[in-house]
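*Asks:* Could you slot chains B, C, D, E and F onto chain A? The hints should help.
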Amino acid sequence: MFSIDTGSGFWNPILWVLVIIIAFLMMYILRSLGRKDYRKTTEQIKPFLSGNPELEKDKMHVRGSNLYWGFRESLKGFYNVLLKLHSGNTSDYILWFVVIMAIFFIIIGVI
Amino acid sequence: MIFNIPFIAVAALIIIGLYAVIFRKNLIKTVIGITIIESGVNLFLITLGYREGGVPPIYTNLPEDVSIPRGMVLPVPQALTLTSIVIGVAVLALMLSLVIHIYRVYGTLDVRRIRRLRE
Amino acid sequence: MSRRDMFAVVFFSIVCMFFIFSALLMHPFGSPDETDMDDMIIKNTQRETGANNGVTSVVFDYRGFDTLGEATILFTAVAGVVLLFRRMKET
Amino acid sequence: MTSIEYIIDHSPALIIAIPLLGAFLTPLVSRLGSRIRNVFVIIVAMLTAFLVFLLASDVFSDGIRTYIFGSQDLTTPVVRILFEVDGISIFMAIISVLLSLLAAIYSWSFMKKYDGLDKYYTLLLLMTAGMLGMELTGDMFNFFVFLEITSISSCALIAFWTHKGEAVEAGFKYIVVSAVGALFVLFAVALLYGQYNALNIATLANTIQYSFLDKIAFVLLITALGMKAGLVPMHMWLPDSYSQAPSSVTLILVGATQASLYGVFRMCFTLYGGVFADGILSSMTVGWFIVVLALVTILIGVTMAIIQTDFKRLIAYAAVAELGYMFLGIGVGLTAMGTSYGKTALDGGVFHILNDALDVGLLFLVAGSIYYATKERDLDRMGGLARNMRYTSMFFIIGLLAVAGMPPMNGFASKLLIYESTYQLSPILSIIAILSSILLLAVFVKVFHSVFMGPELPRFRDVQEVPRSMLLAMGIIALIIIVIGLIPGIVVENIVQPAANSLVNHLDYISHVISIGGV
Amino acid sequence: MSEMSKIVRTIAAIVFPFIMIYGLYVIAHGHLTPGGGFQGGAIVASACALLLVAYGSMWTMRRIGEKRLSVFESIGAFFFIALALLGLFFGAVFFNNFLAGSSFLFGDIPMVGSNTGDMNTGGVLPLMNFAVGIKVVAGLFVIILVMAYASNHMEKKRGEKQG
Amino acid sequence: MLLEYAHIVIPIFIVATSIFAVLLRDLLGAAVAVAAMSLLLSLEFYILQAPDVAIAEAGVGACLTTAILIIAIKATKRMEEEI
Chain A
1 MFSIDTGSGF
11 WNPILWVLVI
21 IIAFLMMYIL
31 RSLGRKDYRK
41 TTEQIKPFLS
51 GNPELEKDKM
61 HVRGSNLYWG
71 FRESLKGFYN
81 VLLKLHSGNT
91 SDYILWFVVI
101 MAIFFIIIGV
111 I
Chain B
1 MIFNIPFIAV
11 AALIIIGLYA
21 VIFRKNLIKT
31 VIGITIIESG
41 VNLFLITLGY
51 REGGVPPIYT
61 NLPEDVSIPR
71 GMVLPVPQAL
81 TLTSIVIGVA
91 VLALMLSLVI
101 HIYRVYGTLD
111 VRRIRRLRE
Chain C
1 MSRRDMFAVV
11 FFSIVCMFFI
21 FSALLMHPFG
31 SPDETDMDDM
41 IIKNTQRETG
51 ANNGVTSVVF
61 DYRGFDTLGE
71 ATILFTAVAG
81 VVLLFRRMKE
91 T
Chain D
1 MTSIEYIIDH
11 SPALIIAIPL
21 LGAFLTPLVS
31 RLGSRIRNVF
41 VIIVAMLTAF
51 LVFLLASDVF
61 SDGIRTYIFG
71 SQDLTTPVVR
81 ILFEVDGISI
91 FMAIISVLLS
101 LLAAIYSWSF
111 MKKYDGLDKY
121 YTLLLLMTAG
131 MLGMELTGDM
141 FNFFVFLEIT
151 SISSCALIAF
161 WTHKGEAVEA
171 GFKYIVVSAV
181 GALFVLFAVA
191 LLYGQYNALN
201 IATLANTIQY
211 SFLDKIAFVL
221 LITALGMKAG
231 LVPMHMWLPD
241 SYSQAPSSVT
251 LILVGATQAS
261 LYGVFRMCFT
271 LYGGVFADGI
281 LSSMTVGWFI
291 VVLALVTILI
301 GVTMAIIQTD
311 FKRLIAYAAV
321 AELGYMFLGI
331 GVGLTAMGTS
341 YGKTALDGGV
351 FHILNDALDV
361 GLLFLVAGSI
371 YYATKERDLD
381 RMGGLARNMR
391 YTSMFFIIGL
401 LAVAGMPPMN
411 GFASKLLIYE
421 STYQLSPILS
431 IIAILSSILL
441 LAVFVKVFHS
451 VFMGPELPRF
461 RDVQEVPRSM
471 LLAMGIIALI
481 IIVIGLIPGI
491 VVENIVQPAA
501 NSLVNHLDYI
511 SHVISIGGV
Chain E
1 MSEMSKIVRT
11 IAAIVFPFIM
21 IYGLYVIAHG
31 HLTPGGGFQG
41 GAIVASACAL
51 LLVAYGSMWT
61 MRRIGEKRLS
71 VFESIGAFFF
81 IALALLGLFF
91 GAVFFNNFLA
101 GSSFLFGDIP
111 MVGSNTGDMN
121 TGGVLPLMNF
131 AVGIKVVAGL
141 FVIILVMAYA
151 SNHMEKKRGE
161 KQG
Chain F
1 MLLEYAHIVI
11 PIFIVATSIF
21 AVLLRDLLGA
31 AVAVAAMSLL
41 LSLEFYILQA
51 PDVAIAEAGV
61 GACLTTAILI
71 IAIKATKRME
81 EEI
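Residue numbers (my numbering), protein chains in the order written: chain A, 1 to 111; chain B, 1 to 119; chain C, 1 to 91; chain D, 1 to 519; chain E, 1 to 163; chain F, 1 to 83.
Be a bit skeptical, because a hint or two may be false.
To be verified - Calculated cross-link-like contacts (lysine-lysine; reagent style BS3-like; alpha-carbon spacing at most 27 Å):
#1 F:K74 with E:K161
#2 B:K25 with F:K77
#3 E:K156 with E:K6
Don't read these hints as lab results, they were simulated from the structure.
Okay, chain A solo, but in the shape it has when bound:
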């Protein structure tokens, strides 16, 4: 009922749910071993930025385009080609259709 057979193995979500529950239990146990002198009213809630003062909220947030900046930078050549292909030109959309059709014609018609 719960498991599916994939031909070379099986998948059972119930087992996975059990694993998750065990993981949460362990996490809870580890958490309860920690220090208990945290107070909300003291200076403890302030972030520690190597002694620098905290900026305002707007500037602290890591923006969407800043994430994976390195990924994009390292694959720059690939992305340049890819962005050039996504030209946004309506004629190009139909051109790609014709190109695929031509390749498919050759594959089917010749072979």
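*Replies:* For chains B, C, D, E and F alone, coordinates are given in the frame of chain A:
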């Protein structure tokens, strides 16, 4: 072979239409290209249904010497073409109203400049 | 001629070639190979639908559902055009 | 004959007729008031959904069901239009009707502030009818007609916000692409008609010879429908239109895209099924072609999704990648036709259609909710929204895990089937697919961080949680995702495998028409 | 489109009923002679387009109104699908031609082979022709009317911007 | 015999008008060329023994399509830009 000319005309119409869509830079030319492709397909359907020396499949005041069914052209492609013509005008109207809106916003009909959406 | 155009011309001509090929390979103009379905419609149209016009009987009886679709397409196009120009009318 | 049997007997016709009737009446009903109109549309959608589920229960237990329009019995050769409902058709119909019902519920609050809503709801119902017609029909020309209905109505809906130039541009691109695609489909239908003088899929599949013209028709059909389904490199219209349409429309657009995908399935496996089965055309050739395109689809979808900054556009590229997984499933199924892992791949591909519709749909609805609450789509300008929008962020986590194929969710179950079967064809393909899935997770972690996490921005201090109807629509999808994730066995055995079997056994499809007197 | 000169308007007013009658004839005789709902509808719609050209879109919009035409279109579509649904109730199948051979309205069966044509034949076909005719006239006219009005509006706007 | 020549001549004219429709820089002229193409197409339908379709094509293709095209051209721009 000479009598395959209507079929070759169909192929030519489709090619001309595709040419207009791919190589012309004006949006209205794109629309006209699609209309031409559609005319080509309509002509193809009707040509498929033609029988040499046939008469239309209408019995009102039919000449007596028509052999049935061999002497009549095929009715199904004609029905399909009727549907296809109305579909064509519907698509055309919608496309042109979008073109009018595009001109209102972008101020141009050049395909190469109408690409705020890319990447 | 830009690079894009050259690229386009190559593939476009391949597609053109195949279209012309298929036009030459069609059955000879004016003599369709198979006509079973249409012959049956021509023979039975008067008896079954009572209409003299074979095309109308196909449009509204044998393939009436297509016609419903076609009417729907027109309806859709009208709804679309009116929807697109709804702001124009207010001003 | 009891009344329930009577309804089941006529349900294929009623499934199309009821949304159409509803669409024709909506302009008249909307004069009575907006609340009545919304209730009317939702009732029509629910009635359609009810009929689809009724028909589904019958098809899954008793096999293929046909409906002849206009006459009691079939003639030889088939002249009338035939609806032939088998496993895969009804499987797709369930997805479509579910999506359109949810879109109707979601639109209640989401579209409240805009004008032109009577036409909006009309087009919504027409689109539902179009998708259902494409999926249930057994006639080539009828398929074309419904394809056009779907594309015209969705084009008008994509350009709904006409004051924005981008929306109009997206609508124009979509209509050009779909008009050209549909015309080539019609051309292929005409080629087939000219040779065999038949329009019925079963009749054509029975007599197809695979001459040169049939090859041309095959290429035209697969390419045109592949373009409408968003196969790379013909996918470029997809992010445009998905990102510019209102979110409720995007939800149905996912269904419309998948209806085109169904078209590819139907043409490959049923219409040209005999050609592959007899070995006239090696299924390896077409299969590898589709596998390669599918891998390119996955890779380009994922890599383009990483660098997007528009929320909905990012999800749209992720949807392209997800489409690649389905194409990978059917590609492997074609390449390894007849082997057991080929069947498993097909199961996975079919199962992934359902999962993709739900997962991507949920993400689009979340994006729509955020747009509703903040009027913002740029990822760079958002942040800290989880504080004020608890439920939405919870739904986003569910959708994120599901779309990236994290284990307890439904996406994993179908992707696992695809991975394992692909591994037996070629390990490298499977590894690429798994890596892309991981990248997909990375993409959505980025979105989650930049939208929901982070400090509370002063601009969004008084953002409210979205209205109840939108939460209801998202909640229903999330619930279905979790349920399918927990009991994949039941779903695969009872719904997915019959659907995949009906693809493989194209002879059943033909012989059923023969048994009722056709061909 | 703005109004044309008086000569054009007069001629359009004279020609309009003739085209209208021809279109209605084509619709009504759809089951006997070439023609039918779509063709006749297209002819009548082109007559209406003539009116639009002669009198200008403002006048036509004010006189006829796109709302009213939309209602006509809905009614035509509704009749069409209702006839199909009646087939389900009387003939047990959706889209059944339940009137053919019923010796009721349009119920006669013509003589097989060539004949002179009898209006009272065709079953539901003439009714469907009328429903589709109404629908096509209203639909095509609404499309042209709305587009002409919008184009007129845009032209005026552009003139204001330049002037 | 005459009809057979017509089957050769009219398709050639149709293709010629469609080439005009594509190549003309003046969009209004292109619209007129489309109308001419539709009219010739309707004539071709008529000699292919399809009077039903011929009426529809003449009404829809030659009249309404052209009207819509001209309306759209009036609302936008008459000449194709040269860049």
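*Asks:* Determine which of the earlier numbered hints do not hold for this structure and return their numbers in increasing order.
*Replies:* none
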